[in-house]
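Asks: Given chain A, work out where chains B and C should sit, using these hints.
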Amino acid sequence: MKLGVCYYPEHWPEAQWAQDASAMAELGLTFVRIAEFAWSRIEPDPGRYDWGWLDQAVDTLGAAGLRIVMCTPTATPPKWLIDAHPDVLAVGVDGRPRRFGSRRHYCFSSRTYRAHSQQITRAVAERYGRHPAVAAWQTDNEYGCHDTVLSYSQSAAAAFRAWLSARYVSIDDLNRGWGNVFWSQEYRSFEQIDPPIGTVTEANPAHRLDYQRFASDEVASFNREQIGILRELSPDRDILHNFMGATLSFDHFKVGADLDAASWDSYPLGFLQQGAWPEDTKLRFMRQGHPDFTALHHDLYRACGRGRWWVMEQQPGPVNWAKWNPAPLPGMVRAWTLEAFAHGAEVVSYFRWRQAPFAQEQMHAGLHTPDGARAAAWDEAAAAVKALHALADKRAAGTCLDMRPAPVALVFDYAAHWMFDIQPQGADFDYLQLVLTFYGALRRLGLDVDMIPPGAPLTGRRLVVAPSLPVVEPSLASAFEAFEGSLVIGPRSGSKTSAFQIPDGLSPGPLRRLLPIRVAAVESLPPGWAEAGAHPVRRWLEHVEPNPNADLSVDARTAAGKPIWLNTGRVHYIAAWPDGDLLDAVLRRACGDVGLPVLDLPDHLRLRRRGDVRFALNYDAAPLDLAAHIPGIAEREFVIGDTRLGPAGVAAWIDP
Amino acid sequence: MKLGVCYYPEHWPEAQWAQDASAMAELGLTFVRIAEFAWSRIEPDPGRYDWGWLDQAVDTLGAAGLRIVMCTPTATPPKWLIDAHPDVLAVGVDGRPRRFGSRRHYCFSSRTYRAHSQQITRAVAERYGRHPAVAAWQTDNEYGCHDTVLSYSQSAAAAFRAWLSARYVSIDDLNRGWGNVFWSQEYRSFEQIDPPIGTVTEANPAHRLDYQRFASDEVASFNREQIGILRELSPDRDILHNFMGATLSFDHFKVGADLDAASWDSYPLGFLQQGAWPEDTKLRFMRQGHPDFTALHHDLYRACGRGRWWVMEQQPGPVNWAKWNPAPLPGMVRAWTLEAFAHGAEVVSYFRWRQAPFAQEQMHAGLHTPDGARAAAWDEAAAAVKALHALADKRAAGTCLDMRPAPVALVFDYAAHWMFDIQPQGADFDYLQLVLTFYGALRRLGLDVDMIPPGAPLTGRRLVVAPSLPVVEPSLASAFEAFEGSLVIGPRSGSKTSAFQIPDGLSPGPLRRLLPIRVAAVESLPPGWAEAGAHPVRRWLEHVEPNPNADLSVDARTAAGKPIWLNTGRVHYIAAWPDGDLLDAVLRRACGDVGLPVLDLPDHLRLRRRGDVRFALNYDAAPLDLAAHIPGIAEREFVIGDTRLGPAGVAAWIDP
Amino acid sequence: MKLGVCYYPEHWPEAQWAQDASAMAELGLTFVRIAEFAWSRIEPDPGRYDWGWLDQAVDTLGAAGLRIVMCTPTATPPKWLIDAHPDVLAVGVDGRPRRFGSRRHYCFSSRTYRAHSQQITRAVAERYGRHPAVAAWQTDNEYGCHDTVLSYSQSAAAAFRAWLSARYVSIDDLNRGWGNVFWSQEYRSFEQIDPPIGTVTEANPAHRLDYQRFASDEVASFNREQIGILRELSPDRDILHNFMGATLSFDHFKVGADLDAASWDSYPLGFLQQGAWPEDTKLRFMRQGHPDFTALHHDLYRACGRGRWWVMEQQPGPVNWAKWNPAPLPGMVRAWTLEAFAHGAEVVSYFRWRQAPFAQEQMHAGLHTPDGARAAAWDEAAAAVKALHALADKRAAGTCLDMRPAPVALVFDYAAHWMFDIQPQGADFDYLQLVLTFYGALRRLGLDVDMIPPGAPLTGRRLVVAPSLPVVEPSLASAFEAFEGSLVIGPRSGSKTSAFQIPDGLSPGPLRRLLPIRVAAVESLPPGWAEAGAHPVRRWLEHVEPNPNADLSVDARTAAGKPIWLNTGRVHYIAAWPDGDLLDAVLRRACGDVGLPVLDLPDHLRLRRRGDVRFALNYDAAPLDLAAHIPGIAEREFVIGDTRLGPAGVAAWIDP
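Chains as they are written, first to last, in the numbering used here: chain A, 32 to 687; chain B, 32 to 687; chain C, 32 to 687.
Chain A on its own, in the form it takes in the complex (with noise of 0.2 Å):
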């Protein structure tokens, strides 16, 4: 794994980037990534280029051997465009334009902006598309991120009914498949479908669903053109996209499909802040961030680069942009980016070389204070070097490093989120939150956890979880009856069909064959109640009606009678939302039917497997003894640490 950094030369004076770069260069730093936000430096005036500036910025950096990352300008259009054509603007859901002033003001859909795009891309891919110290490419900047997937713009009105169109053809199928002879909505022409907002109650789901899926493709097809240039013109360069934490707002899996390598910007402390935990869990992990948050990610966007995978921004310090802005623990960074690697990543690169003195982020810390000393993400950095040295050596000597399939796999699903966010039923049915207990609830078992999109192969696992999948497409269910491992599958799994209508026969629809059950009913409980029984129920219950012909085993009732988990030995459903020890009894069963072994993790110890090494991090603040949830850890060969783990302390050993 190599280390980088983000670099913004016109921030600086140019006498400073030859320092700069020889810094970087002795830190250990291999990549730097510049110009994501440039435009109005590359092009002050409309079709005035200046590229005098990033010429040297490019060829000093790589005169120090620095690899670039060189990035398209796109989340930044400059005022002169935005006064020269205000269609660019994204439209709010209050039907307002979104003002030029701070980033991502574009909507996805002007077809103005997508060509203004392409124009910049092509520009900044002829310059420097072929120069040696370019070594690949970022699309944009974190798509989605500020709820920017979105836009009800008059573009994005007229290229959603083209959108429709062509996915239903007929105004009639349209109307049959969103269910609009309930009250009246029908149309008689796509020429009279608005986006779905400032309706007087809620609007139409499929209605909100569509619009969904038709953003989440524009975001996919307004990167596809940025690709297609680069392919062309930089020929042999990796393109990323940086992915944001906690953002389903559009399918990263299709987006993702188009790069080489999937990248993220990787905020524990900040996301935190931000997150859904309860006060406490907050609290406890205010410096180190949550313990399976960071991984969840780690293995979701390895997932959506087909196993190749960067964190792209790092956090190095105290950010600026949660509600409040705590500093690491020490030793945090260095923890983060070692768990980085744990998890497969090709580059780890911290944001930023130095904090910037001016403007939005100028709270937000670097590697330097803005007065150019070192801060503390400096030293952590300069460790992380050094244990990656050590690990490297370990490589040479021959140890496997390379990531293999873990046993486990997890079925992510970004529409899922998008149906429960639009369908709730209970206001705490949260996508992100479900998929966060199942991982969680692995991970304290000591497992590796490979995220897969739905319909991915099955084949080599061992266990398969699956939190939720409302639309079971016949392919996923042919291969979930396929799979020979264990399978569990959690609450409103096959609960709709792909146009949000509930499937004939009801719940669990096309999974009836694996789960031979029918849900009758469901319900959403109030935060405070807890239906009674040994695993107390609480946020969802179903009412599951098992068939009485079928070999299905009930394992845990509510107090009342109602099955919460039932299973035909291989798969298991979850009836509820799963508390913690219903769900780890259901894992623990679930592994022990397929022969795979367990632990018993506290929440703040988490294990991680490359190869022949196998990673601790310590997530809390006081230190701990492996040895007491590690059996045989004490004979084990360390290449990192040792046993006894110090706050935000790593230790690495061979498990081959």
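Calculated from the structure, these hints are not laboratory results.
Keep in mind that a hint or two might mislead.
Pairs involving identical chains hold if they fit within one copy or between any two copies, as the list cannot separate such chains.
[Claimed, not checked] Here are the computed lysine to any residue pairs in the SDA-like style, where the Cα-Cα straight-line distance is at most 20 Å:
{"id": "1", "residue 1": "Lys313", "residue 2": "Trp352"}
{"id": "2", "residue 1": "Lys417", "residue 2": "Ala407"}
{"id": "3", "residue 1": "Lys313", "residue 2": "Ala561"}
{"id": "4", "residue 1": "Lys313", "residue 2": "Asp291"}
{"id": "5", "residue 1": "Lys110", "residue 2": "Gly208"}
Replies: Frame of chain A; chains B and C shown alone:
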């Protein structure tokens, strides 16, 4: 009492209709309501009517012996109408038109919409007005639902000006009435007056009150237009409207005056989740609904219908529209049905025959699941049929089951809600909560209550309760003075003139002859503050000066000496938000003085008399024994159940 | 000190005026403020003035010996003006014009309104400027109330561009100053710049700060236009403005510089309900107001008036505009009046003579109820008159009652509020709360405080406290360096340049000579987190590096070793949000070093000296004994009260 169901033939294949109809009859249903959202099917293109399917549906249902409630489909104007006439749309408080894509998107003041509403009403009435199967009409659907009474369109502004001009004639009178000299708010003509929105700080309360009155009148006149047509074209059919619960944004008495019977849509669990009760109350009654909320509305709408009323939509299981949507306690749907009987309903109609698999309400339970199987509520409806047969047998045997005027009347005032909403003075001064407090206290005493509008005759009552009457018309004051029973009057009564001014001589204004007091000051108290005393005071406290020359008794004071219970013997005034103990003491005294016997019921046991039969309903999830609460109950002859009430249990006994 | 009252002759029949006037005089009032919202009566039609009624009112009041404070009625432009010139209206952050129907609906930048404001000012001043009864003027009313400083109209945008052009001259300098290279925010001309609203994520803080400065300047220039006219047409009259409490949206020092005296509107109970104090604090002082809030504003506005100040509106009972509106503790209105005296007020004027029975403020108490009877506050005003007579007698007998400079000065910086509001970095970093924390700590020590603007001379002070000064101009740094007393400087001081950038060498920037430290990083801490240590740190913690070569003492650290109290002996820096204990320790040391004697007062007992008389005020609802808190008090000669203070009690004694 008959049972019925809401049915949407347009949602199902025509082939299924006959089977559905016969199943309805078989279950014991009498009424079936149809077509209230079917405009886009009745008039698919402007001016082109498609009667075929509806003719067929009406004939099929009629052939099964069902009595049809036909609806005007005006709650859902179709897209072609909106596109042709955007002025049909209501305008929100933000000044932006509501958009098509759900329901109730029209503006009551749109002259264009008035014309179209009449046109479609006439078309449907001409077609089915004299059809033998059509037994009744429902106008529109749930006026005011989704906060749709107030619209701020140009049409509404123009109509408001005309309304003001008719009310005040002279702009000087309006300026005087509103006190517009304050803050230079004076107008020089009615044309200068806008709706009261968008102001920098609060608008003039008199301005807002008149806008509310105007909007309420618009609902009544809109409804009256349809009624005129229906009376002309469909003689001898009852005309109803289905009111919503917890909706006080227009004067339901005024709309009810034009109807043959009132009806309402009763969703006890949804209303509980949306209500302002403390969390523990909501958890306690999560599967039952609040024990007083439903009954209060039964009594209120019985008053609006001048004795005749239905439940047009009865919740049958989990709904889709509250933040959390649990399932009812087993037996609860039957209990709700019988509770409606006890309160005098003519019909209880379940919503809906079969859960729709598509669109906004696909998660709303029905008597059947979307796959056509019987849902939990089917059994409950069947059990209700059985109980109703037992009651019918008793009636046939001579037991009186006619409703009689209750000894207690509660004066319910829609304008009081408007005024406290406009000028709460303390943020939690909520009229409906205040009414529920009084109503619940009366019911804990085992008393039956009739709701009456301000100004209704009081003859025959023994106790009249007015939770609050900010405006007391002279006629009402006279009626109170002439009344010979006990009178309990709540805070803020007589505190305003009809022009939203403080009356001469201060509160209680025209009630002063009856109540020789002067409210020198009032104060609102934040949550957490209890003004010390034998009856601690929360929320609201008045500084009352009794007339020292009057024969007035002060029976409770705060520790600081402020009178909170004053009475002249016959007339009681509560100068505070009444807490449970104080209110209980006042009501017991008031009852005792007129010889009304009272009980001491727990908060989950409620009684209601109909003729010579008394009903008890257990709102608890645990069983209870009536003998512990009702002296002599063991000797009664039971029509339904016995003295042991299970969860959601209902009993009825002869008590002449 | 004189007493006064706010009176609205236009609200009452002319026949009542003379009687009101003589009752005012009889009560002992000297001043009467009139006409500040009377535009629609003064100029009922465009250009047509109706002076008759106002002439009569002025004469009547004057005839009773009252001194009139005449107002410009510009806070309430009438409807005819708005209809003729809609560009008068302010525009909200949502881009929509505010609407007529309350007050303060004008935009400070509207050139049209500027012209009309001058025209009506000139008309009123010409009419009454030299009237013998007119003793003073109030311009407009409560600038900034209801969040009305910032407007986003076209006029404001144009004026902002002109303001920027004058400030920066070159667009390149603006781009550099704002750091617009960040996110391609660069402008090519001033014409391209819009107000900083509607952006996708936060706008550039420098952009927002300049908009705030611009808007603050607009208030000052608007006010200055009226003052120019009044000085010309009404010589020798004091000109005041009535500022609001808790309003920091413009620089009151700048507006105050044009006035003869400042005044403010003191509503202790309303401000308490609206404030950010913990709920238990709000309940504890519900009927008293917060013990430091009112005094802080007295001291602040005394500074704004350069020693001369009034309370223009004094709360007399429950108000109408807080979420809850309780009544003051008996005696509290008198106590507030005398507290103003102790802090040097020239006049306390009660709002209002008689409660209006109509419009928005009908629930706002006055000295009389709407029926003309005396309200509770009347007795309190009478009692205040009595106490003031006792003081006047003492003064006549030679006791000094002149205000003297306090030994302690607190530097109050409006721009600090703007900057922390724009960039809190931690969501609860609130400048006014920070100032209250310092101010309260000083007052618990029994110290009198003068507020001073940044840059005011420090001569004669023994202790200077700066809760936070993010921008330190070189002149201020020099003044601090030259100062010989103790200096206590709070967090984030010197952390920004005036362009809202991080200074060279980091914080504390220009204070480094004085404080040889470097703030390497800062972090904000969420509620619930206390950074461990002898003085646990909440909200805010800086990572300070002391200059190892400097003579600097670290007197408190966190458990993790971070310095939180550093000092050079004379200069103290608090590198954290100061908690009570830490701040107390620092201030006691700082006082001790300069020989300032301190007390240890409970949080409800507050002292203030005026000349040779010291005042004590009991903010508790229980009595207290001064002897328990003030050594030697028993031997003092009391002018008001004695050592036993009842609830809301006030004492004053000779203490030369």
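Asks: Hints first: check each against the structure and report whether it holds.
Replies: Okay, the hints, checked on the actual structure:
1. Lys313 with Trp352: Only inside one copy: Lys313 and Trp352 sit 16 Å apart there, 31 Å across copies, limit 20 Å.
2. Lys417 with Ala407: The answer is within: 16 Å in one copy meets 20 Å, while 66 Å across copies does not.
3. Lys313 with Ala561: between (23 Å within a copy, 13 Å between copies)
4. Lys313 with Asp291: Neither way: Lys313 and Asp291 sit 35 Å apart in one copy and 53 Å across, limit 20 Å.
5. Lys110 with Gly208: So Lys110 and Gly208 pass the 20 Å test across copies only (17 Å; inside, 42 Å).
The structure fails hint 4 only (numbered hints given earlier).
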